[in-house]
Amino acid sequence: MGKIRYNKIQTDGFSFRLVKNKVFYCFVIFMSMIAISPVVFIIIKLVIKGIRQINLNFFIDNAPNTLEAMTAIANGEIIPGGIANGITGSIFMVLLASVMAIPLGVLTGIYLSENQDKVYANIIRNISEILQGVPSIVLGILSYLWIVINITRGFSAFAGSVSLSIMMLPLIIKSTEETLKMIPSTIKEAALSLGVPYHKVIFKVLLPTGLGGLLTGILLAISRVLGETAPLMLTALGSSVINFDVTKPTSAVPLLIWEFYNDPNLLDLVWSSSLFLMGFVLILNIIVKKMANKWVYG
Amino acid sequence: MVNRNINESQLNDYLMTIEMNKAIIDIKNPVLTIKDLSISYEKGKYAVKDVSAGIKKNSITAIMGPSGCGKSTLLRAINRMHELYPSIQTFGKIYLDNEDISAIPSIKLRQKIGMVFQRPNPFPTMSIYDNVIAGYKLNGTRIKKSRKDEIVEKSLSDVVLWDEVKDSLHKRGTFLSGGQQQRLCVARTLAFQPEIILMDEPTSALDPIATAKIEDLLVELKKKYTIILVTHNMTQAARISDLSMFMYLGELIEYGITKSLFTNPVNKKTEEYLTGKFG
Ligand SMILES: Nc1ncnc2c1ncn2[C@@H]1O[C@H](COP(=O)(O)OP(=O)(O)OP(=O)(O)O)[C@@H](O)[C@H]1O
Ligand SMILES: [Mg+2]
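These protein sequence lines map, in sequence, to chains H and A. For the first sequence, our numbering assigns the number 1 to the initial residue and increments by one for each residue that follows. For the second sequence, our numbering assigns the number 299 to the initial residue and increments by one for each residue that follows.
Hints are not guaranteed to be accurate.
Once the Cα atoms are required to be at most 25 Å apart in a straight line, the calculated SDA-like pairs of lysine to any residue come out as [unchecked claim]:
1. A:320 x A:491
2. A:435 x H:208
3. H:294 x A:469
4. A:443 x H:45
5. H:45 x H:281
6. A:435 x H:189
7. A:469 x H:56
8. A:446 x H:198
9. H:204 x A:469
10. A:469 x H:118
11. H:118 x A:342
12. H:200 x A:491
13. H:181 x A:385
14. H:200 x A:403
15. H:200 x A:417
16. H:200 x A:427
17. A:435 x H:199
18. H:294 x A:478
Treat the hints as calculated values from the structure; they're not laboratory data. Please read these numbers as outputs of a predicted model, since none were measured by experiment.
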């Protein structure tokens, strides 16, 4: 009697658990779909609204002015011109920022990973972490106070890239440290046991071994700052022409998006510029993923 | 008490210094001499205590002892790899061919005294070829391509790996099996034609077949090189070593011909260890 009852309960419990599993499974799928839906909607929206504007001119022409746009709209044409000044400005400033941030960030990362528990290393590590939490607009203000007022005496590409490089620094420091920490110490010992001096061990063994991780960190930092607008407003300001002079105001894609947004006639360009920026960052991220898979320690 | 040099031809008729329960063989014309060596990581605590010993040329010397008794520390002191720990303190001297090793630049010393580690550690970014000549490459020593080829072939042949990899020299070293990787690591140290090769449990991460291959290799290599081998594997020590050291709590307690140390240990601790009473 008791045995039959027991079996019955067992079966019931089992099927109930099955149902519970199913329900939970569907719930998880549903929630994750909600979670990714903004991304999907954004991409769809950007493509639908922005693809129209993307043609060759979009990449080689400077941003149009209100009048040109208004005429085109009145004639039922697409807005002429492109965002060449923004693309070149973004690339120029990000490159400049990288030139400053990469060596400093990588060297600091090496220092931190080689001196884990030193007091000084801990201080640096904490400062770097705090820096990562500083709002980008504050970094823009800092760069404004240091560079715009004192050094270039005016809005400049240099000031813009300084604020970007300060944003990149903590990301690069962190990723370098984490990557190097992952490399087994036996590899370092192998090199040292061959009589290789310490600095050569770092630069010829550890860095190449962790190259995948290092590059990943650097590219992520780059894709982070590519979309930054706030610090550039206070530093690079923007420009209607292509500029490669570090002392002159310079445009950038996110700055253009902001300008387009503020001009009812140029509103259409917001979509195409955003699409471009998103695509660019997405491609960078895909490259990063591919690289991380390919390298040993990444 | 008694201190007499051994007769090379009849290794069994030797006398040892027996002093306070230590039984240490005297090696005639040692290639390496350790003299009153003490090493401490922390003040007042000695990882290696008062070790004195000579190492016989073209032989395999096994270092045994329970975990934490200072085997690795002693081994690393021989090519000054222990200096990597900044707070370490070393007392006493080590002589390589009567030259104080602390007076030899560490680069030169480590080329004369190579090291093989517990886990195979080929450089993951380098090809098999580059791994063998890594010492030259990383040190920036310029040598001719033909000379490089020669070194690579010779070193890989010496570790019996040449036939297995000669068609894939430019593949990454990390694609090899564990045993092959370990032989590659031996080849890497052979590339410098060192006098001494230090090995810290070189087979403990390998399967029995790969282990047997390395053991055969070591027996072959001792014709040209002097090998000092830390091992936890007593049968391995018994199989391939000529001389054995037994360390306990940082001290070298017994050092003698492997056969007699295994069959007729002088020290009680050695005997207990060998019979598996602790360790
Ligand atoms: N980096 C270090 N810092 C502080 N103490 C250490 C360090 N390395 C080793 N020691 C200490 O030194 C002593 C000897 O260590 P060692 O590694 O030489 O032992 P071992 O005989 O090689 O042991 P095992 O058989 O486990 O490898 C141990 O007591 C250990 O705790
Ligand atoms: Mg050890």
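Could you work out which of the previously given hints the structure breaks and list their numbers from low to high? Of the numbered hints given earlier, those the structure breaks are 1, 4, 7 and 10, listed in rising order.
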